[in-house]
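Peer 1: Chain by chain, the residues run as shown.
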Amino acid sequence: MARTLVVVGHGMVGHRLVQALRDRDTTGRWRVVVFAEENRPAYDRVALSSYVDSWVPDDLALAPHGPEVELRLGDPVTEVDRVRKTVTTASGVEQHYDALVLATGSFPFVPPVPGRDLPGCHVYRTIEDLDGIRATVAAARGVGRRAGMVLGGGLLGLEAANALRGMGLSPHVVELGPRLMPLQVDEGGAALLKRLVEKLDLTVHTGTSASSIERDGERLFARLSNGLELDLDVVVFSAGIRPRDDLARRSGLEVGARGGVVVDDACRTADADVYAIGECAALGGMVYGLVGPGYSMAEVVADRLLGGGAVFPGADLSTKLKLLGVDVASFGDAHATTEGALEVVVNDAVAGTYAKVVVSDDAKTLLGGVLVGDAAAYPSLRPLVGRDIPGDPVQLIAPSGGGVELALPADAQVCSCHAVTKQDITDAIHAGECADVPGIKACTKAGTGCGSCVPMLKKLLAECGVEQSRALCEHFDHSRADLFEIVRSTGVTTFSALIAKHGRGRGCDICKPAVASILASLDTGHVLDGEQATLQDTNDRFLANIQRNGTYSVVPRIPGGEITPEKLIVIGEVARDYGLYTKITGGQRIDLFGATVDQLPRIWRRLVDAGFESGHAYGKALRTVKSCVGTTWCRFGVQDSVGLAIELELRYRGLRAPHKIKSAVSGCARECAEARGKDFGIIATENGWNLYVGGNGGFTPRHAELLVSDVDTETLVRVVDRFLMFYVRTADRLQRTASWIEAMDGGLERLRSVIVDDSLGICADLEAAMAVHVESYADEWRGVLDDPEKLSRFSSFVNAPGTPDPTISFREERGQRVPVPLGLPEVAAR
Amino acid sequence: MTAVVELTWTSVCALSALQPEAGVAVLLPDASQVALFRTFDGALHAVDNIDPFSGAAVLSRGIVGDRGGVAVVASPIYKQAFDLTTGACLDDPAVSIAVHEVRVLDDVVQVRCP
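Protein chains in written order, with my numbering: chain A, 1 to 830; chain B, 1 to 114.
With the rest of the complex left out, here is chain A (with noise of 0.2 Å):
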C-alpha cells in the first residue's frame, strides 16, 4: 500500500518536488497530499515582476501536478503532532503522514520604521502583495507626482523598482547597504549599475536607511537617515527574507541561530521522516534565499524518498539576470575573499560593461567573477569555476575578438538549474538521442531551468562534430534566411536563375516552394505566373488544400468569422450544387471537401461574384484572424475584438511566410478566442490591447508570450507589422513563430529588443515592406478567373480536359459525400 506523503507550502520548491517525486515513483509507492496557505498553485515567484504586465496570474502559472497530486489550497497546516504523525490544517482537517516535508518558504522582513503599518506600505512577495501595490498606485492616482519608494537595494528590490517603473512610477530605490546588490555585485559592477539604473528613471540612495513614513492626505512621505525627505504614492519593503519556521518550533524541531529548521545534507531533520527544503530549511547553517538551491534540496528529497543516498551537492550561487534591461552575472567567489585571490578587471565605462574575473593566488584557477551590462561570457565562465585557466585570465573577459575558446572539463556543470554536465550532454548527443538543442532539452533537461546554459548548449553540439548545418536541401547551401535576403538584395525573381548562381541541380519539393514562398512575400506578382507555377506545392499550385482522394477543398476568407447571411446562403447553394462535403472549421470559417482540379474555377467563379476571396487556407501564409464577438454585443467585452480582427485579417490577408500564421483577437480577458494558442493573439484590456507572440496548437502545443501591453490600436499594428516581417525575412523553411523565438539568442527579449526597441534600426524598413504588401494585395482566386492561360492548367486530363477522374468516387455518410477509400473492393468494382 502506498505511504502518505504530506508537503507544507506549495511555492515553487514543493512545487519542484512534488513533480520530481512523480517523475520517478513510476510505482505509485507515495500518495501526495499538499497543504497550501495561498489560494493558487504553486507560480513563477522569480519572474514576480513580470506580473504588472499583463496582471495575469496565469501568466506566472507553473505546470500543473497530475490529478493523482490532493492540492489543498487555501488550507495551511498550523500543528504537526510527530509523536502520532498527524498535521492538522487551519480548517481542522488531520492528515496522518509517513513523511513530512516542510517548504514554508519565508516572509518579508519589514526592518522596525515608524510607519510600516500605515496604508500604501506594501511588501513584495505574492501576486496578492502586487495587486495591493496596484490599488495603492490606482487609488493615488492624479495626486502629486507619481513616485514610488523601494526599500531594499538587493536582487528583490530592484525587481521591485522594476514592477513600480511597470506601473507607471518613478522609484526611489533606498539600500542601506554602500551599493546595489551587495550580496552578489562589487563595487566596480555596481558603481556600472547604479549608472545604468538611473537612466530608467531610478533614483538610488546607498549608505541611508528610512528613518520614519508618514501619511497625508493621500501622500505618503518618507524622512531618510540621511535628511532627504521622499513624496510617495507607495511604500514598497525588500530588505530581505526570514524563514517561516514557526510551524518547526512548534512542534519542538531545533532551528538554526538565525532561523531556518536545522537539517542534514539529506534536508532531513532530527526527526527522520521529518524533511525541510527551501528558504524554511538551515542546512550547514545557512538559509539560501535563491530558487536554485531550493530546487537542488527538492531533488535530493525526491530521491532519499524513493530509497536513494542523494546528498546535498552545495548551493551555487551563481546568479545571472536581467535588471529593468541590464545584465548582472555573478558566480563563484565573487567578492574574492580566498586567501590570496587576485582580481582581473576590465571595466569599459563608455561601452557600459564590467567585468571581473577572481583568480587563485597562482592566476592558475578561475575562483569566480562579476559581469554588468553585458554577461554572455556567463555561460562559459560559471561552469569553469575552480578549474584551471587557459592561459592569461584577462583573456577570459576580454571584449570580443581578443576573447578565448574555453574547452570545458566533461565534469563542468553546463545546467546548474538541473545539475546536468558537458559529460551528460555530449553522451546524449553521441548516443544519438539528440541533435539540436530542442532535442537536448528533453532528453537531459539541461536549458530548460533559468536558460542561461542555452549559448553553451548550441557550443557543444558543434564541439561534438553535430553540423548545425542550416542548408536548406542539397540544391542550396544558404538558409531561408540567406536565401531571402539574396533574393532581396540581388532582385533575382526567377527560381532558375537562383539556382543557377547559388545552387546546384534542378532544385526539388523543398527549395522550390520555399523559392516560391520567397518570392511572394516579396509580392512579384501571382504566386503562379510563368516559372513560379512549377515551384509551388499541389495547394499553392492549385489554391485549394488536396485530400486523400486528390480532390481539394476550398475555403473561402471569411474575416474575423463574420458572416452575412446572404453570404452565408451563397456557400450553402455552391456546396450544394458541386456536392460538396460542408465542414464548420476551428479558425471560425467554412470548408468545402471533394472538388476537383476542374471544378475549382467555376467554383471560385461563384464565390467571387457573390463578394468572396480566397482564404489561403492552402498556403504558408496568414490564415485566418478569429474573434469573440467583442464589446458590440457581450456584456463583459471592453473592446471592439471582431473589428480589430477584421481590419488585422485584411491587412495582412495573402502574406506568405515560412510556414501558416494563425492569430485571434479577444475582447476581454476572459479570452474567448484562444488567442494565446496563436502566432499572434490579442487581448483587449481596458486601456487598449494586449499583444502576445509565438502560441501554436498542433503537436506541441504552447501559450504566446507577452510582447507588448495596453498600446493603442496604431501602435499594436505597427508593432505586428514588424513582427510578422522579420519572421518572414528570418525564420527557417517551416518554422512556426514559437521554435523562431525560441531559437533566437536571447528569446523573447532579444525579439523585444529588434521590434519594440529598434535596436538594430531596421523597424522603418519593416514597416515599409509590409506597406508594400498592403499595398499589392490582390486575391488570388480571381488571379486565375482573369488569366485564360492560368485557367487552362486547371483540367482533368491533357487530352480529356472535360473528362472526370474516373478513380474518384464518393459514398453518403450522415447525409454528405465523402470519399470511397481508395484501394478498398469498391474502387475495383466501379
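Treat the hints loosely; a few may be bogus.
When the alpha-carbon atoms are kept at most 27 Å apart in a straight line, the in silico DSSO-like pairs for lysine-lysine are as follows [unchecked claim]: (1) B/79 <-> A/790; (2) A/194 <-> A/320; (3) A/364 <-> A/459; (4) A/194 <-> A/322; (5) A/322 <-> A/199; (6) A/660 <-> B/79.
Keep in mind that the hints were calculated from the coordinates and are not lab data.
Computed from a predicted model, the values in this text were never measured in an experiment.
Add chain B to chain A, keeping to what the hints say.
Peer 2: Coordinates of chain B only, in the frame set by chain A:
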C-alpha cells in the same frame, strides 16, 4: 498459349502544351492514367499517375526536380520521390511505378501503352 500484349502509341497533346517541370495527367484508352513530364533539359517522361502510397491519381501534380542529379517527381500526398526514368521510389526500395515510352511525332507527344 502465349499472351500477346500489343502496345500502341496514343497521341496526347502538342509538345508546346507541356510547360517545363509542370506535369500533366493523361487518360489512356483503357481508363488508366499516366503522368507526363517535360524536364528542364527538354527530356520527356511518362510514369503511372497513381501514387502507390495513397492510391490517389496525383503524381502529375507533384514537384519535379532532382535528387543527386536523378530526375524525380515527389508525390503531393506524402512526398515520396520517384525516379522519372526508372520508376523506382527513392524513399522505399520495395516500391516502384511503371514507366512508359514517350516520343514526339510532328510536334505531337505520344505515349506507348496497352
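Peer 1: Which of the stated hints cannot be reconciled with the structure, identified by number in ascending sequence?
Peer 2: none
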